[in-house]
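*Asks:* With the sequences and hints as input, model every part of the structure.
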Amino acid sequence: MALIRTVAAVIRDARGFVLLVRKRGSTIFIQPGGKREPGEDSLATLARELGEEIGVALRPGAVRLGEFEDVAVNEPGRRVRAEVFLAGVDGTPAPRAEIVELAWVDPAAPGGLDIAPLSRGQILPVVAALPAATNDGRIGD
1 MALIRTVAAV IRDARGFVLL VRKRGSTIFI QPGGKREPGE DSLATLAREL GEEIGVALRP
61 GAVRLGEFED VAVNEPGRRV RAEVFLAGVD GTPAPRAEIV ELAWVDPAAP GGLDIAPLSR
121 GQILPVVAAL PAATNDGRIG D
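Note that the UniProt record's numbering has the sequence shown beginning at 1, numbered continuously upward.
Simulated from the structure, these hints should not be mistaken for laboratory data.
Certain hints may be false.
[Unchecked claim] EDC-like mimics (lysine to aspartate or glutamate), calculated; alpha carbons at most 16 Å apart, straight line:
no., residue 1, residue 2
1, K23, E75
2, K23, D114
3, K35, E52
4, K35, E67
5, K35, E98
6, K23, E101
7, K35, D90
8, K35, E69
9, K23, E98
10, K23, E52
11, K35, E83
*Replies:* Right under this line is the structure:
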């Protein structure tokens with residue numbers, strides 16, 4: 001299977017809930033983020049994608065949570081490997097560009113929402129295990 005490399009954000013609100021997004025034409029929620037453009041590093045990619053997709057600015061000090069890999073939900077027959085950051089942002093997230101819906105989920109109990117395996121099976125469990133004080137991935141005041 002071909003591998004897609006992306007950079008993704010874990011953005012938490014004051015409750016510790018995690019922001020997920022749904023792209024136009026898809027029923028599945030994923031982490032906000034995307035693919036690198038030539039010459040970009042991971043944080044530049046993340047800053048650009050967050051601005052384009054949900055209209056927020058990445059704060060300095062994002063914390064790398066690691067790389068996670070699973071099946072790609074929006075590109076059949078491929079896998080996705082995401083470099084994931086706990087990211088604080090300024091602004092209020094809102095759907096833009098190809099994003100049509102936002103959802104805030106409890107990482108310990110995400111419920112029945114249709115969530116990508118990468119998020120549901122790998123990223124959300126890691127976030128649920130973080131101490132509550134590790135909340136630099138909060139939206140701006």
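*Asks:* So, for every hint listed, does it hold in this structure?
*Replies:* Verification of the hints:
A hinted pair counts as satisfied when its Cα atoms are at most 16 Å apart, and K23 with E75 qualifies at roughly 12 Å. As the CA atoms of K23 and D114 are separated by approximately 12 Å, the hinted pair is consistent with the 16 Å bound. Taken as a hint, the K35 and E52 pair is honoured in the structure, with Cα atoms around 12 Å apart against an allowance of 16 Å. Using a Cα cut-off of 16 Å, the hinted pair K35 and E67 holds, with the two alpha carbons roughly 14 Å apart.
Distance restraint check for K35 and E98: the Cα-Cα separation of roughly 14 Å lies within the 16 Å cut-off, and the hinted pair is therefore satisfied. A threshold of 16 Å between alpha carbons decides the hint, and for K23 with E101 the separation of about 7 Å falls inside it, so the pair holds. Only pairs whose Cα atoms come within 16 Å are accepted, and K35 paired with D90 is rejected, the gap being roughly 21 Å. With a CA separation close to 14 Å, the supplied pair K35 and E69 stays within the 16 Å bound.
With a C-alpha separation of about 5 Å, the suggested pairing of K23 with E98 holds against the 16 Å cut-off. Note on K23 and E52: the hinted pairing holds, with a Cα-Cα distance of about 13 Å set against a maximum of 16 Å. This hinted pair checks out: K35 and E83 have alpha carbons roughly 10 Å apart, not beyond 16 Å.
Comparing the model with each numbered hint stated earlier shows that hint 7 is the single one that does not hold.
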